[in-house]
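Take these sequences, add in the hints, and give me the full structure.
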Amino acid sequence: MYSEKVMEHFRNPRNMGEIPNADGVGTVGNPICGDLMTIYIKVKDDKLADIKFKTFGCGAAIATSSMMTELAKGRTLEDAMKITRKDVAESLDGLPPIKMHCSNLAADGLHEAIKDYYGKRKSQK
Amino acid sequence: MRRIYMDHAAGMPVDERVLKAMTPSFLVDYGNPSSVHSFGNEARRAIDQARSKVAELIGAEKKEEVIFTSGGTESNNLAIKGVAYRNRDKGNHIITSSIEHISVLNICKHLSKQGFEITYLPVDKYGIVDIQSLENEITGKTILVSIMYANGEIGTIEPIREIGEIVNNKKAFFHVDAVAAAGQMPIDVQNDKIDLLSLSSNDMYGPKGVGALYMKTGTRIQPVLQGGGQERGLRSGTENIPGIVGMGKAAEIAEAEMGREAERLTVLRDKFIRGVLDSIPESYLNGHPARRLPNNVNVRFSYIEGESLILSLDMEGVACSSGSACTSKTLEPSHVLLATGLRHEEAHGSLVFTLGKQNIEDDVEYVLGLLPDIVKRLRRISPLTPKELIT
Numbered sequence: 001m002y003s004e005k006v007m008e009h010f011r012n013p014r015n016m017g018e019i020p021n022a023d024g025v026g027t028v029g030n031p032i033c034g035d036l037m038t039i040y041i042k043v044k045d046d047k048l049a050d051i052k053f054k055t056f057g058c059g060a061a062i063a064t065s066s067m068m069t070e071l072a073k074g075r076t077l078e079d080a081m082k083i084t085r086k087d088v089a090e091s092l093d094g095l096p097p098i099k100m101h102c103s104n105l106a107a108d109g110l111h112e113a114i115k116d117y118y119g120k121r122k123s124q125k
Numbered sequence: 126m127r128r129i130y131m132d133h134a135a136g137m138p139v140d141e142r143v144l145k146a147m148t149p150s151f152l153v154d155y156g157n158p159s160s161v162h163s164f165g166n167e168a169r170r171a172i173d174q175a176r177s178k179v180a181e182l183i184g185a186e187k188k189e190e191v192i193f194t195s196g197g198t199e200s201n202n203l204a205i206k207g208v209a210y211r212n213r214d215k216g217n218h219i220i221t222s223s224i225e226h227i228s229v230l231n232i233c234k235h236l237s238k239q240g241f242e243i244t245y246l247p248v249d250k251y252g253i254v255d256i257q258s259l260e261n262e263i264t265g266k267t268i269l270v271s272i273m274y275a276n277g278e279i280g281t282i283e284p285i286r287e288i289g290e291i292v293n294n295k296k297a298f299f300h301v302d303a304v305a306a307a308g309q310m311p312i313d314v315q316n317d318k319i320d321l322l323s324l325s326s327n328d329m330y331g332p333k334g335v336g337a338l339y340m341k342t343g344t345r346i347q348p349v350l351q352g353g354g355q356e357r358g359l360r361s362g363t364e365n366i367p368g369i370v371g372m373g374k375a376a377e378i379a380e381a382e383m384g385r386e387a388e389r390l391t392v393l394r395d396k397f398i399r400g401v402l403d404s405i406p407e408s409y410l411n412g413h414p415a416r417r418l419p420n421n422v423n424v425r426f427s428y429i430e431g432e433s434l435i436l437s438l439d440m441e442g443v444a445c446s447s448g449s450a451c452t453s454k455t456l457e458p459s460h461v462l463l464a465t466g467l468r469h470e471e472a473h474g475s476l477v478f479t480l481g482k483q484n485i486e487d488d489v490e491y492v493l494g495l496l497p498d499i500v501k502r503l504r505r506i507s508p509l510t511p512k513e514l515i516t
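Top line first, the protein sequences correspond to chains G and R.
First residue of the first sequence? That's 1 in the numbering used here, and the numbers climb one at a time after it.
First residue of the second sequence? That's 126 in the numbering used here, and the numbers climb one at a time after it.
Check the hints yourself; a few may be wrong.
In silico lysine-lysine, BS3-like type, Cα no more than 30 Å apart, as pairs [said to hold, decoys possible]:
1) LYS115/G to LYS512/R
2) LYS501/R to LYS5/G
3) LYS512/R to LYS44/G
4) LYS52/G to LYS501/R
5) LYS42/G to LYS333/R
Bear in mind the hints are in silico, worked out from the structure with no lab data behind them.
This is the structure we're talking about:
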């Protein structure tokens, strides 16, 4: 059902965990639907110096979270905002159609975390 | 890698003795039972013998009360639609429960679009159908009550005898979906006042693609299939002789061996359940602790999701199921778990193991050895897990 790459990320998720004093945090999904993820980012010189995730959900939810962090790490914020759900799914050699919408939330989570960072920076000024 | 199959509610292996009994129907007795010649006679005899074995398994008075079908879904269709369409002049009310098999629920949904009124009885937290609601809802307009013998997902065994009594007093027909229960526990259609009963061959180690419907003499139904009038006109189409012979053999073996096997499985089941609940914090049993199919273990774990549990176990060679939305085609969690009062997020974390003949105590120990670490790993990944649970 899942590609080898999805299973590999499910088995060995990259960047799993929390960042204690994160510069931005994004939470998307809902445990009622079966998928919930929280993305933590650390920003340095307008770049994603560190990124971590925590995810409640199916294999696809965990694998897409992991894949997204790999795609995003080190990128500029502007660049990271351009990462789409489609990019994440393609990097995993595709997802089953039914999982494309419900479990492929990681890019949204990343965008939420970046927006949170911008919001916090604004209020500090 | 070691492989352990614990998903028998989804599909079962065929008993080798069944396969052996079926072989002549492919190679030697391949005649059509409707034919006049000796080849036809032999095929007819083979079906008759299988019919007797299935009738014996469920305590039917006569073997003619058994009609062969293509499986549980077709039997449910024939029973429910058959009674509904044939008895429309008497009423349009059908009662079923909220935890029936999806085939029963979808048949009822279909009938509700054609003017039938459907009442879905609630269940308690263990999944036991509420008898009081049945007494309140059943009226002179009720033509059919359809309740499952036992639920294959949470294992709960329903109070069929009490229900049969009530339905019989009200002169409605009583249909029982016994697909999950047959072959695991004794069934007596006469004592339980059952008018129609659905069976599936594969759920008792017979081949897939064959099932049966018991119909008490005098039960009026309308056939679903029109054709050559086989099976007393109630199920047209040339008989699936190898399948029917296989189901007959499976019924014979079940009748002879299910007592001992049920005892053996009950011990494994209870060891399994106790092992999980003792070794994993915030784990819970779904379904009734005692009124339960001998092979059913359904547990849930807070803060994690069932499909990722299945994948983790599959990586270790263990096959099981879940009531999570992520494993369903509808993206809704199990209607059975929701009917027992669980919240969506609780239902997502369920795991169902259905044991079978080839499972031994060592298999249960193997799975019990794996589960705590799998749950711990997924809880570490989950943002919902409270800090004190992650060590």
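Checklist line | Numbers of unmet hints, in rising order | finding: 5
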